[in-house]
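Engineer: Here's the letter readout for the chains.
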Amino acid sequence: MSSFSELKARLLKPTPLLIILLIAAVAVARLLNLTTLDTMTIFMYFIAIAASLNLIMGFTGYVSFGHCVFLGIGAYIYALMVYYVPWANALQKTGGLGIIAVALIAAVIAALVAAAVGLAVLRLRGAFFAIATIGLDFAVLYIVMGTVPFINPEQFYGAQVILPSRCLVSKTSTFTAMFITMALVLATNYLVRKSRFGMGLVAINEDEDAAEVMGVPTAKYKTLAFTLSAFFTALAGAVFYLNGGGVSPEAFDLAHTVDMIVMIVIGGLGTVSGPIVGGIVYYWLYDTLLVHYPGVNLIILGIIVGLIILFAPEGVVGILRRYEFKGVKLREVLE
Amino acid sequence: MGLATFVISIVHGLLWGVVLGAVSAGLTLIWGVMKVVNVAHGEVALLGSYLIVGLYCALGLSPYIALIIALASGLAVGIAMYWGMLHKLVGKVEVMTLRVEMSTLLIMFAFSVAITNSYYYFIGSEPKGLGLWHFGPKSNINIGYLVIRTNSILACILAVALVAVLHLLLAKTTLGKAIRAVMQDAQAASLVGINPVKIKMQTTMISIAVTMLSGFLILLHETSIIPGTAALYTPLSFVIVVLGGLGNIMGSFVGGLIIGLVYGLSKAVIASVFNPLASAPLALSIAFIILVLTLLFKPEGLFGR
Numbered sequence: 003m004s005s006f007s008e009l010k011a012r013l014l015k016p017t018p019l020l021i022i023l024l025i026a027a028v029a030v031a032r033l034l035n036l037t038t039l040d041t042m043t044i045f046m047y048f049i050a051i052a053a054s055l056n057l058i059m060g061f062t063g064y065v066s067f068g069h070c071v072f073l074g075i076g077a078y079i080y081a082l083m084v085y086y087v088p089w090a091n092a093l094q095k096t097g098g099l100g101i102i103a104v105a106l107i108a109a110v111i112a113a114l115v116a117a118a119v120g121l122a123v124l125r126l127r128g129a130f131f132a133i134a135t136i137g138l139d140f141a142v143l144y145i146v147m148g149t150v151p152f153i154n155p156e157q158f159y160g161a162q163v164i165l166p167s168r169c170l171v172s173k174t175s176t177f178t179a180m181f182i183t184m185a186l187v188l189a190t191n192y193l194v195r196k197s198r199f200g201m202g203l204v205a206i207n208e209d210e211d212a213a214e215v216m217g218v219p220t221a222k223y224k225t226l227a228f229t230l231s232a233f234f235t236a237l238a239g240a241v242f243y244l245n246g247g248g249v250s251p252e253a254f255d256l257a258h259t260v261d262m263i264v265m266i267v268i269g270g271l272g273t274v275s276g277p278i279v280g281g282i283v284y285y286w287l288y289d290t291l292l293v294h295y296p297g298v299n300l301i302i303l304g305i306i307v308g309l310i311i312l313f314a315p316e317g318v319v320g321i322l323r324r325y326e327f328k329g330v331k332l333r334e335v336l337e
Numbered sequence: 026m027g028l029a030t031f032v033i034s035i036v037h038g039l040l041w042g043v044v045l046g047a048v049s050a051g052l053t054l055i056w057g058v059m060k061v062v063n064v065a066h067g068e069v070a071l072l073g074s075y076l077i078v079g080l081y082c083a084l085g086l087s088p089y090i091a092l093i094i095a096l097a098s099g100l101a102v103g104i105a106m107y108w109g110m111l112h113k114l115v116g117k118v119e120v121m122t123l124r125v126e127m128s129t130l131l132i133m134f135a136f137s138v139a140i141t142n143s144y145y146y147f148i149g150s151e152p153k154g155l156g157l158w159h160f161g162p163k164s165n166i167n168i169g170y171l172v173i174r175t176n177s178i179l180a181c182i183l184a185v186a187l188v189a190v191l192h193l194l195l196a197k198t199t200l201g202k203a204i205r206a207v208m209q210d211a212q213a214a215s216l217v218g219i220n221p222v223k224i225k226m227q228t229t230m231i232s233i234a235v236t237m238l239s240g241f242l243i244l245l246h247e248t249s250i251i252p253g254t255a256a257l258y259t260p261l262s263f264v265i266v267v268l269g270g271l272g273n274i275m276g277s278f279v280g281g282l283i284i285g286l287v288y289g290l291s292k293a294v295i296a297s298v299f300n301p302l303a304s305a306p307l308a309l310s311i312a313f314i315i316l317v318l319t320l321l322f323k324p325e326g327l328f329g330r
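Same order as they appear, the protein sequences are chains A and B. First residue of the first sequence? That's 3 in the numbering used here, and the numbers climb one at a time after it. First residue of the second sequence? That's 26 in the numbering used here, and the numbers climb one at a time after it.
Hint data in this document are derived by calculation from the structure and do not stem from the laboratory. A virtual CB, placed ideally from N, CA and C, is assigned to each residue, including glycine. Check each hint, because a few of them may be wrong.
Derived contacts from chain A toward chain B, CB cut-off under 7 Å, selection only [stated by the list, open to error]: (1) A117; (2) G137; (3) L138; (4) I145.
So here's chain B without its partners, still in its complex pose:
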């Protein structure tokens, strides 16, 4: 493996890692605060992607305006999901028992089955994308032997912005403090005048909205999406969230970078020592081995106390 391959795999790994980190932010929030494992995470992200593609292709709206509409509808979908599915299971529960946790897992699972198959039925399995739309004047940037798509760069910028805003929201605002209080101890939080039900609803809203926004990043990075794209992003988000520690936004961002980098490098190494065709699946299997090992040996995550 030459230096060029090495540099290329690092750069592309990091570009994907940044996107992965931002995509996982919504999951780490809802999982950490409400102990709701959103098994439909990738599917929710694709909801955002499909919405933006639909608005762009059908109405000719600029993706930036579509992004704002995605944010608004994400908040609405969050409210609907909370009152429709989660409130009955976790709304009044202060200490999560195993049984409640399993119920939330199963209901999100049922939701993911319904929504994935809705994509197949209503949208179809052919790839959808923004076509020739690209960020900036050119579609590619060449730096020496590196070729980077400008859309990937936009995805990177937006990903960092998204994670930064979410981090500041949690760290600095009153709402963020209330969310962190509920995450630590819902019972104690309610003693100091925080309404846990309200906070749980707001957490769901933020999580779903952020996840739908991150669908745009997936769209930019992948150029086109199919319903099956979710089947890759959902489990990878689990890897990253567990690696970063539940509820830790910055942790999951770093986790995303790590997974992206590991994927890029191991793919290049496997391609050069074994077979290029086998490199992508084997590199992905490494990510999932990391998940199992993290759960076994450091379940609190890399940055857990």
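Here chain A stands alone, though its shape is the one from the complex:
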């Protein structure tokens, strides 16, 4: 019985509670048909990619500007797979779990790429790492633009893979798949943060050399975090572009990295609840600004992020952590 009460005590803390509430809220919204499926899928996609990037950028402090490369790789592999491989297409037609099964293949390939690249570029620190990821993104983008059109010149004009109706799935299935993706990445975030591995990552963020001396296998941990992060980014990207009905080189656009970085900066770097809070705030901002100020929305977002970096670098969660609530220091309960 003690393990049950222990589990209860653990899950009732704000961060796991936030994860559970979010998942429940999306499920209820779906059951009651509160908004359109598309809205919810995009909302969950935002949280999923933010939480994916958080695994490397939030915990270790390595700013990866080129994470959209994994988004693009996942989306392209998925689209090409269902286009050319009959069983993959049949599998994705079976529903949300089928989509996840196919997307897992794409995500594993992206993760392998990330592991190979990570082993090399994670030796770099600070800005050099960030610039290397940008270079990687552009290298892959231009390779895709230079090769994909020639796989099938009539179908893939301008490197666009537009899925024909035989490859499309229902919006309900993509919703389910995105729901699973989001739940998986949030759970992973929480488990990583609580584990020895997560402690190691935070130690790397504090002082990498000191962590190395204290016996943290920094190279191994960084590569693992980078690979995990790429894996979930690719998973979310594959499902997102399937939902959109095809993929174009736009998938490699740094704008996706903007989304991810903006969300975790707003929410609070290095916290599990950060990407969730950031995702909700960002989606709300994105939605209202897009409706009321189309065109200016991204200008305003850029300014907001700039102000946050200057005046509140810890983000929303970071600010909350400074306060006490009914004698409980929020710092201790907000991961």
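Use these hints to put chain B onto chain A, whose structure you have.
Structural biologist: For chain B alone, kept in the frame of chain A given last:
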């Protein structure tokens, strides 16, 4: 691939390379001296281009006069950027930590998001250019099978002049010496009476002004610009600055030449062995592979000690 194609691709590659080298000069300065990675570099350059186009089209000013106005406003924008964004993060910092470096990276990134979307919103995505304006009496020069636009030649001349002036400024003047001192060790520099805050502000001013001037070169070389032009020049500037070594003006100029040449030649080779339509993107991907390889194997740059 015939000899003619070979010569043409070398000449055009070098013409672009010179422009790229000059465009990267401002970035290598601010990155090398202040460790501020200006992710909005291409966007700042386009600010200069748009200013010159605006003055030429709306007021009918000669581009040469517009260039001087661009220089003056570049200095002003530099001051504004320093006090508005950078001072709080790097002004008093003598030894850059990883965290400060990331903050500067993120703030420049936020700036680039805001400014790119401002271009889309206020100027629009249709191409803007100087129209039929050209340098010299004719718009093209023919040398055998080579056709070169005179504007490209002007871009080349101005690029070399810009880099030379910047190099002399850093190498010969007192200000240049102070800037190099701060680049090497801000703490030691302040011990000998140099005010690092002042030098950092002046570095930002020079860097932004030079970058805005180089926007004119982009304009001359590309004939017309769209907001998306920055999305090519920003990452290419990173390639060149890393290749040349941070803070090394001549290094980045040579880096620009190398990238221009590699781009021109690989484009011609890919066009002849694979497909002309695939040549431009694949040639660009080679430039970015060079960036990653340089960072991995020679992060101090080709000319680093």
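Engineer: With reference to the structure, classify each hint as holding or not holding.
Structural biologist: Going down the list of hints, with the structure as the test:
Because the smallest distance between the Cβ of A/A117 and any Cβ of chain B comes to about 16 Å, over 7 Å, the interface hint for this residue is violated. Hint status for A/G137: holds, given a least beta-carbon distance of 4 Å to chain B, under 7 Å. At about 6 Å, the closest approach between the beta carbon of A/L138 and any beta carbon in chain B falls short of 7 Å, and the interface hint on this residue holds. The criterion of a C-beta within 7 Å of any C-beta in chain B is met by A/I145, whose closest approach is roughly 5 Å, and the hint holds.
Against the hints set out earlier in the document, a violation occurs for number 1 only.
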